[in-house]
Structure formats: structure tokens, C-alpha cells
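Undergrad: If you want the building blocks of each chain, they are given just below.
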Amino acid sequence: RGHGTTDQDGEVVATLCGVVERVNKLVYVRTLRARYKPEVGDIIVGRVIEIAPKRWRLEINFSQDAVLMLSSMNLPDGIQRRRTAVDELNMRSIFEENDVVCAEVRGFQHDGSLHLQARSQKYGKLQRGQLLTVPAYLVKRRKLHFHHLEQYDVDLILGCNGFIWVGEHVVVREIADLKEDEQKLSAEAETFTPIETRRHICRLANAARLLSALGFTLTVELIIQTAEASVSSNVEINDMLGAEFYVQTAEGEAKRRGDLLGKKR
Amino acid sequence: LISGDLNLDSTLPSKLPPPPVFRSSAAPPPQGSPASRRARDDTMVGLSEGEKHFIRGGIAQDLRADGRRRLQFRALTVETGIIPQANGSARVRMGATEVIASVKAELGKPTILHPDKGKVSIYVDCSPTAAPMFEGRGSEELSAELSVGLQRCLLGGKSGAGAAIDLSSLIVVEGKACWDLYIDGLVVSSDGNLLDALAAAIKVALSDTGIPKVNVSLNNETDGEPEVDISDEEFLQFDTSGVPVIITLTKVGKHYIVDATSEEESQMSSAVSVSVNSHGQICGLTKRGGAGLDPSVIFDMISVAKNVSQRFYTLLESAFAAAEAVADE
Numbered sequence: 001r002g003h004g005t006t007d008q009d010g011e012v013v014a015t016l017c018g019v020v021e022r023v024n025k026l027v028y029v030r031t032l033r034a035r036y037k038p039e040v041g042d043i044i045v046g047r048v049i050e051i052a053p054k055r056w057r058l059e060i061n062f063s064q065d066a067v068l069m070l071s072s073m074n075l076p077d078g079i080q081r082r083r084t085a086v087d088e089l090n091m092r093s094i095f096e097e098n099d100v101v102c103a104e105v106r107g108f109q110h111d112g113s114l115h116l117q118a119r120s121q122k123y124g125k126l127q128r129g130q131l132l133t134v135p136a137y138l139v140k141r142r143k144l145h146f147h148h149l150e151q152y153d154v155d156l157i158l159g160c161n162g163f164i165w166v167g168e169h170v171v172v173r174e175i176a177d178l179k180e181d182e183q184k185l186s187a188e189a190e191t192f193t194p195i196e197t198r199r200h201i202c203r204l205a206n207a208a209r210l211l212s213a214l215g216f217t218l219t220v221e222l223i224i225q226t227a228e229a230s231v232s233s234n235v236e237i238n239d240m241l242g243a244e245f246y247v248q249t250a251e252g253e254a255k256r257r258g259d260l261l262g263k264k265r
Numbered sequence: 001l002i003s004g005d006l007n008l009d010s011t012l013p014s015k016l017p018p019p020p021v022f023r024s025s026a027a028p029p030p031q032g033s034p035a036s037r038r039a040r041d042d043t044m045v046g047l048s049e050g051e052k053h054f055i056r057g058g059i060a061q062d063l064r065a066d067g068r069r070r071l072q073f074r075a076l077t078v079e080t081g082i083i084p085q086a087n088g089s090a091r092v093r094m095g096a097t098e099v100i101a102s103v104k105a106e107l108g109k110p111t112i113l114h115p116d117k118g119k120v121s122i123y124v125d126c127s128p129t130a131a132p133m134f135e136g137r138g139s140e141e142l143s144a145e146l147s148v149g150l151q152r153c154l155l156g157g158k159s160g161a162g163a164a165i166d167l168s169s170l171i172v173v174e175g176k177a178c179w180d181l182y183i184d185g186l187v188v189s190s191d192g193n194l195l196d197a198l199a200a201a202i203k204v205a206l207s208d209t210g211i212p213k214v215n216v217s218l219n220n221e222t223d224g225e226p227e228v229d230i231s232d233e234e235f236l237q238f239d240t241s242g243v244p245v246i247i248t249l250t251k252v253g254k255h256y257i258v259d260a261t262s263e264e265e266s267q268m269s270s271a272v273s274v275s276v277n278s279h280g281q282i283c284g285l286t287k288r289g290g291a292g293l294d295p296s297v298i299f300d301m302i303s304v305a306k307n308v309s310q311r312f313y314t315l316l317e318s319a320f321a322a323a324e325a326v327a328d329e
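Here the protein sequences come in this chain order: A and B.
Read left to right, the first sequence gives residues 1 to 265 (UniProt numbering).
Read left to right, the second sequence gives residues 1 to 329 (UniProt numbering).
No lab work stands behind these hints: they were computed from the structure.
Quantities reported herein were computed from a predicted structural model and do not represent experimental measurements.
Be careful, since some hints might not be right.
Unchecked claim - Listed next, the stretches of chain A that the computed footprint assigns to chain B, with coverage defined by at least 3 CB atoms under 8 Å from CB atoms of chain B:
1) 123-131
2) 139-150
3) 204-216
4) 251-259
Glycine is no exception: its CB is placed at the ideal position from the N, C-alpha and C atoms.
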């Protein structure tokens, strides 16, 4: 007898409206619009809201803020060493307030908030793109959450907490190069995202918004499929959020599921 | 801890807003510290440098975050008659921005200065459901700004000259009785471009307004005060062809955009709101934002706004017709 159930006259009765799940002998009811339930090893995308002594506090779509310790983060010079007081003072040079960060859940603290780590090269600050928020239950746990879409030169990161990052592809490289990047950002006009990449980013972002509004589970294949369907139907990027394309996508998905059921039988 | 903070609102000095309720981890930051300043400046979730750069790049390249061009509006939906107790009401949705406008008419006495004109008062309120910072007195500044902007565009100057709503049509008995219109706007959900949405909602609400017909009988016994009999059946509709709409042009970098989302508005250097009526005449002008604008730029923005307003009128009319069709069904 797990969450969402209660014992009534010896019978297990559901207290919530949802799907009944069974794990061995545990029976629980999972609601359809569940809050994000983090697990160890989840890839999440969060936004820095505060810099505290030796840690960053990130906002993820959860009831509490997550904590990213300075020691769980690779230092700019790449050397493995003890964090000194100078490192602590230079925390802002790594992540500032309002930065978007990709990290992995390392564990839970005693009060239930999350501990994150960003040690591998592919985690870290996300720039040059846009962040979308979708309901967390639409992103299921898969083997891969980072997707580099070569044909579009776009990075798509599906955070398990419902934050989705669609941005320009960033070549994974030594963090020492990041300083150059900062200066480049300030010399703006020449370094805006090229228009073709931007079109792909907008199309994928709109596909994700559309699918989340329709309530479909978000997977890379579905997002790419929707974006490609919009291109083949000659739908303008902003018209993707209009009524006709909604209907078209919903019908396409219904047909696909119907075919799947037909094949199973 | 959090619910206790909300009760302190009345005792704290007025310039400290209640701390945003979704910060569950931190205690309320001391006043003046960087954290509290950030909490006060945050109209919404902050943006990182990379995202801001992305938004600016999009506007420069004429492809905004949701695929719109610079001068394109979001999808506009309109509903009328949502408040049955009011004389007229409308709800307008532009993307994620949602506003409700209602018009109530009450009999009152005209002012001595203008015995032949009725009175209109416009007031806007921001609901706390739109953003956490609108709780308590947090929305006062924004509400006042929106109310004044709308009054300037729709009511004309102090003498009543140049008003979009014909005030003389509101008179019942000259010098004795007139209609007072109370126009209220409510911001339910805020995602940028509030002024445009409110003006559109007011225009639609006025189209939906029915003023009851009055039968006046001049009675010598009651001290010259006429007896007014308000009929329940017959209604007079307003003529709203003269009511203008407001187009807000937000300047980001070197380009202007129309219908900015709140993320795009956070990047603006200045914004000019132009109220244009269906004849293409300008009824009001408001400039917001700290950056200075060259006069030639303002002229350019005004002409762009006039062009855009034609399209907005057709959009609004088709949305209104769709709403009426639904209401008739």
C-alpha cells in the first residue's frame, strides 16, 4: 500500500485519481499531473538563483531548490585540487545568477532538497538558446537526455524536471576557452546565432511547446518528427502554434497509435 | 515561515514588497541586500546572459523565440459577455497574456463644469494570479501606470476634449442626470504587452455594452429632480467605431517589435505606445523606458504603429466576429 491508496474495510482503495502502478507487492496510484519526483542520476536543467558559501542554489521545477556544491563542479583550469578561498570568491566567474545550468542529481540532502553534480564535460552552463518549461511528467526517463541533432546543428537537452533547453550546438571543449566566449558575447552583432540554426531552434522549440500543450510525452523522435512534419506541410514557424497545425499533429499521432495497436494485434 | 511573511505586509514600509513565495529555501533577505534587490526587480524568472543574447539576436534577425516576425502579433482570442452583472464585458487573450475588461453604467450627476457630458473612469487592477509580485500592494505602480496610459488614450485631455468615447451621448437630462461609466480592467495572466491587450478588451467590452433606455419624467414636486425610469428591456448599444486601439512598439537594439512577451520586454531599451483609431489618426502617445529616443525615431515608430494598427483592427474584428458567432450559437 503506497501513495494515493488507503485501507477501507480491508480493501485497498485509491484516494487519488490516476494510474494504478504495482511494484512487487507495493500498490500505488500515480496521478497524471504529478509533481517532478527526482531520482539519483537524473539529468536536469536548472537556473541559478543564488550564490551561497561554496555552493550555487538552482531553481528546478521542484518544491525545493537544488544545491550544486563548488566541489561538485570542475574548476576552470581543469586541475583536480582542493577548493581554496580564492576559488570561492571566483564562483561568479563560473556561474552567475540567472545562468542556465545542466547537471546530474547526485543525491538527496537530509531535508529532502537535491544535491547536484556537474563534473563531466558535457554538463555546465548553457548559452545561446532558449529554455522552455513543460509539465515534468511529460519527460520520461530514458538512456539519453542530451541530443545533438546533427542535421540541424542544435543541442536539445530534455531535463527530467521539465526544463527543456534548445540551443546552438556547443563543441565540448576545455573550459579555459570559456573566457574568450564571454568576450565574444559582448562583441555582439557578429556573433549572433546564424539565421538557419535559429530557424531550426525556433521550429524545435515550437514543436516542443505544441506537444506539451497537447499533453504528449516528449521524446526526441517525436519532436523531430513534428518539426519535420511542419516543414513538409509548409507551415510557417509561428503558425506551428496555430489551430490547424495542432489538429494536424494530434491527428497524426492518433493515426500512429492506431497503427501501432493494429500491428500488435 | 512563508505564510507569516504575508501577514506582515501591512506593518512593513510600503516600499518593501512581500518576498516571492516560491523561494522556499531562503529566509526573507534583509532589505537592501543584493538578494532583496533582485527579488524586487524580478518581474518574472530572470534570464541568463546567453538567453538575453539569443533574444536580441532573434529580434535583429527578424525571427523571434516563437517564430514570429518583428511586426507579428500572437494569436488573439476574444470572449464577450463573460460577466453577466456588468453592462458589458470582454476577455482578451494574446498568447499567454489574459485580461478581462468590464463596463458598468450607473446614473449620476454631471459635473458643473460640463453639464452636457457624462463621466467615464478607467481603472486597472493586476490580479495576484498573474505574478507573485502582484500580491498585496506590489501591483500598485503597474496598475497606476496602465490606468493612466489608458485614460490618456481613451479619455483625452482634462477638459474632455478629444475623448474617444463621445461623452455627450451619455447624458440623460442636461445638468441633472447622466450616465457614469466605470470601466475596470483586470490582468489575469501577464506575459507582456498588457496595454495593448487592455485597450483591445475595453474596446470589445464597449461594443458589448448595453445602456438601458431611460424614461424621464420632469416632476415639479420633487425639487426639479427628474424622475428617471430605467427600463429593463431596451438597450442602447455604443458606437465604438471611434474607439482607438493601442499599439505598443518595443525597441530592442536597433529594431522595434510588436506584441513583446515579458522576456522580450526585459530586454527593451524603451517602448512607445501609440493609440490609433480606425481612421488612422493618433489619439494618444506614451513612452516608457529609461533610454532616450531621437525624435526621428519616434516619428518612424509612429508611422510603423499606424501601419500595424490596420492589421490589428482586422485581427480584432475577426476575433470579435468569431466571439459573437459563438455567443449566438
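Undergrad: So which of those numbered hints doesn't the model satisfy?
TA: 2 and 4
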